[in-house]
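Peer 1: The residues making up each chain are set out below.
There are 2 protein chains.
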Amino acid sequence: MKFGGTSLADMERIRHSARHIRREVDEGNQVAVVVSAMAGTTNQLVKWCQEASPLHDAREYDAVVSTGEQVSAGLMAIVLQDMGITARSFCGWQIPIRTSDIHGAARIQDIRADDLDERLGDNQVCVVTGFQGISSQGRITTLGRGGSDTSAVALAAAVKADRCDIYTDVDGVYTADPRIAPRAQRLERISFEEMLEMASLGAKVLQTRSVELAMAQGVRLAVRSSFADPDAFQDVRDGTNFGVPGTLVCDEDEIVEKQIVSGVTLVKSEAKITIRSVKDRPGVAAAIFGALADEQIVVDMIVQNISDDGRQTDITFTVPDSEYDRAMAAVSNNDSFEYETITGAKGSAKISVIGVGMRSHAGVASSMFKALSEKGINIQLITTSEIKTSVLIEEEYAELAVRALHTYYGLDREEE
Amino acid sequence: MKFGGTSLADMERIRHSARHIRREVDEGNQVAVVVSAMAGTTNQLVKWCQEASPLHDAREYDAVVSTGEQVSAGLMAIVLQDMGITARSFCGWQIPIRTSDIHGAARIQDIRADDLDERLGDNQVCVVTGFQGISSQGRITTLGRGGSDTSAVALAAAVKADRCDIYTDVDGVYTADPRIAPRAQRLERISFEEMLEMASLGAKVLQTRSVELAMAQGVRLAVRSSFADPDAFQDVRDGTNFGVPGTLVCDEDEIVEKQIVSGVTLVKSEAKITIRSVKDRPGVAAAIFGALADEQIVVDMIVQNISDDGRQTDITFTVPDSEYDRAMAAVSNNDSFEYETITGAKGSAKISVIGVGMRSHAGVASSMFKALSEKGINIQLITTSEIKTSVLIEEEYAELAVRALHTYYGLDREEE
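Chains A and B, in that order, give the protein sequences. Residues in the first sequence are numbered from 722 upward in steps of one, following the numbering used here. Residues in the second sequence are numbered from 722 upward in steps of one, following the numbering used here.
Hints are computed from structural coordinates only; laboratory data are not their basis. One or more of the hints may lead you astray.
If several chains are the same, the list does not tell them apart, and a pair holds so long as it fits within one copy or across any two.
[Said to hold, decoys possible] Mimicking SDA-like on lysine to any residue, the simulated pairs with C-alpha atoms at most 25 Å apart in a straight line are:
(1) K768 <-> G805
(2) K989 <-> S1087
(3) K925 <-> G1065
(4) K925 <-> D1021
(5) K925 <-> Q938
(6) K881 <-> L837
(7) K768 <-> D803
(8) K989 <-> E1095
(9) K1067 <-> D1015
(10) K1091 <-> D836
(11) K979 <-> P966
(12) K989 <-> T1037
(13) K768 <-> R743
(14) K881 <-> I1114
(15) K989 <-> V880
(16) K768 <-> E1061
(17) K768 <-> R740
(18) K768 <-> D892
(19) K768 <-> Q802
(20) K881 <-> Q751
(21) K989 <-> D1030
(22) K768 <-> R809
(23) K881 <-> D803
(24) K768 <-> I806
(25) K768 <-> R736
(26) K881 <-> D974
Let the sequences and hints guide you as you build the complete structure.
Peer 2: If you want it as structure tokens, here you go:
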């Protein structure tokens, strides 16, 4: 069970989250808990490091910011004990959770689970600090922001957990953002692959890296709300329901009724830049996107069309609106490739439909284009992957497009 | 060099304290630093633990409250690096500083200094978390409030430091409280024994335990102000002056001109309780003071007079005013000893004169009584130790008595 910062924001919320833990213990489960820092704590610690020096030693930064989880782990252990549950806290270095030496962005290499296994077998609750570990030099490392999800998945794999429950401030993964598509539904199950596309496309429920790790290690993930009443659901339990409503992220094989499309996502404020009649030679794409990477600009969609004569091509890519000016400058002031014109504009939106069912169902892309055309929405760019089709459209049509596709693919919740 | 919470209260104060470190480094000294938590931090952490549960696990309490020093050590290392000084932070467990398993009140058992020695020899500044260590179980322990002084002394002994400088918000140890005796002077030197009496009698500059340890390990201590200008004093250095004003706490042998009396201390709000005609038999004192100890009441002065017939005695003791009612109840409701009457009153003050010179100079006590009698001050109780004489007087005469004794023993600073 992993609890994020908003689920541990103050003593009342810590106590509420502890009741979720108690419910699992009462049902006879062995429970390891991973905690983030109390909401706001990490920001304060990061701010202090920046005040101390804008160019601070990442090893010292890690020593400072890792304290937030140590506090919440200790407090959670105390609250659990107060409820009569045997519990103790562990720092990353005490287990130890061994990581690489890349401070501030370390990767978990190995978790020694002997002690945890013994305690779990003895029905003790082990509360572990998320987001951190120890390097081969014996120094505290952190995994980068949001790394607690990754800690939880790695720990679940190490103790061979049946499931890794990520408790957060939403009660699951939805077919679309309910603020845009009011008839969006919570998904009972979603495959790792779909979740990865969702996570990187704007559904900010799980950290992408934690989903990758869960998929690689075969750890079933559940996204659940810590804000729900911990006791109200304790009797409702079958294969798909876990006590409180939530979404299970699992292997495709575990999903019996596969939807063709599982969700519709939206990323707004995209800027598109088109370089026309680029002289086509090996390495030209590397030259363009290398120039952008040098400026630390993250490029989203990339589309390259073949031109008529095969000697020159048009390349279009998108960046966040906020990076538009810097991106234009990076590709314009560049003599490592030849081109005719560069044009661009801010104010587009990327709409994606995601679903493992696309693999076996032809025509998903074409039906997407049809649905949009019925609403009079013009498509600027198209990219596809195995389980996803994305289009770039004018931003003012974004919400309309999400609702239209949500309805078109039969995702709307039935009216009550 | 040890810095307390007020010397690290915010980034500006951390930077100011770091300039004191830089001065020592610039003068070619090898420097290890011990830090407390930023002022206020530990109180917040303790409060959270109490909110989590009034009866919290001391091991979890230690995990939580020890984070304050980890934050300040990391920030100090960053600030020092920013000044161009090679520095790194160490948690107690990283060195390791091994302690007993008594969580919340652990005692340092052993400090492994190999790595520190190597780094110090390499002119690196090692910034170590005060107040904490690691138990034989591999869990974080804390030494109790104010334990950072003790950490500093233990570390100084482990690295065989020439001196352990305790930087605080006062610039040394004074012959009396300057708010009461305006002509009180800062002592250039004071013996460990005198400092111990001072520390336990109300001069709240150094933790008693740290002075005991310094005496046992032969570590010379200096009490100095972190608020002083770090650069103003760098050229003033001889045997007694350390760059900034301060007081050296050292072996008696190192003090050439021994004062008969080094200081006058005051503890107000003392209540006295007298048990008259206690039937004198072996174990009667144990019965009385055992009853008080059972109630966790700390007794200060104890005086027992021999009575005329040798079969009954009068016993008087003092407790803080705030404990008076509980103390009266504890000795009154007790049938483990026989007595005639119990009387008592709040509102006394204890005045003590302290000085190693008393050992070789007769008449210090009698001259004290004479000085007080000259001011018409009545003495209620007298106790003496080898280097200290204490009297209990009526509280309203307290300040007058301190000033009278301060003048009488020639401690007054000359008028400027």
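Peer 1: Hints first: check each against the structure and report whether it holds.
Peer 2: Verification of the hints:
In this assembly of identical chains, K768 and G805 lie within 25 Å of each other by CA distance solely across copies; the values are 21 Å between and 38 Å within a copy. In this homomeric assembly, K989 and S1087 come within 25 Å of each other (Cα to Cα) only inside a single copy, at 23 Å, whereas the closest approach across copies is 89 Å. For a Cα distance limit of 25 Å, the shortest separation of K925 from G1065 qualifies neither inside one copy, at 28 Å, nor across copies, at 70 Å. Taking the closest pair of Cα atoms, K925 and D1021 come within 25 Å of each other only inside a single copy of the chain (17 Å); across copies the shortest separation is 62 Å, beyond that limit.
Taking the shortest Cα distances, K925 and Q938 sit within 25 Å of each other inside one copy (22 Å), while across copies they are farther apart (57 Å). Proximity of K881 and L837 under a CA criterion of 25 Å is satisfied intra-copy only: 11 Å inside one chain copy versus 40 Å between copies. Within a single copy, K768 and D803 get their C-alpha atoms only as close as 34 Å, which misses the 25 Å cut-off; across copies the closest is 16 Å, which meets it. Taking identical chains as interchangeable, the C-alpha atoms of K989 and E1095 lie at most 25 Å apart only when both belong to the same chain, with a minimum of 22 Å there against 88 Å between chains.
Taking the shortest Cα distances, K1067 and D1015 sit within 25 Å of each other inside one copy (22 Å), while across copies they are farther apart (77 Å). In this assembly of identical chains, K1091 and D836 lie within 25 Å of each other by CA distance neither inside one copy nor across copies; the values are 58 Å within and 70 Å between. In this homomeric assembly, K979 and P966 come within 25 Å of each other (Cα to Cα) only inside a single copy, at 20 Å, whereas the closest approach across copies is 78 Å. Proximity of K989 and T1037 under a CA criterion of 25 Å is satisfied intra-copy only: 17 Å inside one chain copy versus 82 Å between copies.
For a Cα distance limit of 25 Å, the shortest separation of K768 from R743 across copies, 24 Å, qualifies, whereas the shortest one inside one copy, 35 Å, does not. In this assembly of identical chains, K881 and I1114 lie within 25 Å of each other by CA distance neither inside one copy nor across copies; the values are 45 Å within and 71 Å between. Proximity of K989 and V880 under a CA criterion of 25 Å is satisfied in neither setting, with 40 Å inside one chain copy and 59 Å between copies. In this homomeric assembly, K768 and E1061 never come within 25 Å of each other (Cα to Cα): the closest approach is 46 Å inside a single copy and 67 Å across copies.
Taking identical chains as interchangeable, the C-alpha atoms of K768 and R740 lie at most 25 Å apart only when they sit on different chains, with a minimum of 22 Å there against 32 Å within one chain. In this homomeric assembly, K768 and D892 never come within 25 Å of each other (Cα to Cα): the closest approach is 31 Å inside a single copy and 32 Å across copies. In this homomeric assembly, K768 and Q802 come within 25 Å of each other (Cα to Cα) only across copies, at 17 Å, whereas the closest approach inside a single copy is 33 Å. Taking the shortest Cα distances, K881 and Q751 sit within 25 Å of each other inside one copy (11 Å), while across copies they are farther apart (49 Å).
Proximity of K989 and D1030 under a CA criterion of 25 Å is satisfied in neither setting, with 35 Å inside one chain copy and 99 Å between copies. In this assembly of identical chains, K768 and R809 lie within 25 Å of each other by CA distance solely across copies; the values are 19 Å between and 30 Å within a copy. In this assembly of identical chains, the alpha carbons of K881 and D803 never lie at most 25 Å apart, being 28 Å within a copy and 45 Å across copies at closest. For the identical chains of this complex, K768 and I806 are inter-copy neighbours only, at 22 Å across copies versus 36 Å inside a copy, given an alpha-carbon limit of 25 Å.
In the homo-oligomer, the alpha carbons of K768 and R736 lie at most 25 Å apart only across protomers (15 Å), although the nearest pairing inside one protomer, at 28 Å, exceeds that limit. Proximity of K881 and D974 under a CA criterion of 25 Å is satisfied intra-copy only: 20 Å inside one chain copy versus 66 Å between copies.
Checked against the numbered hints given earlier, the structure breaks hints 3, 10, 14, 15, 16, 18, 21, 23 and satisfies all the rest.
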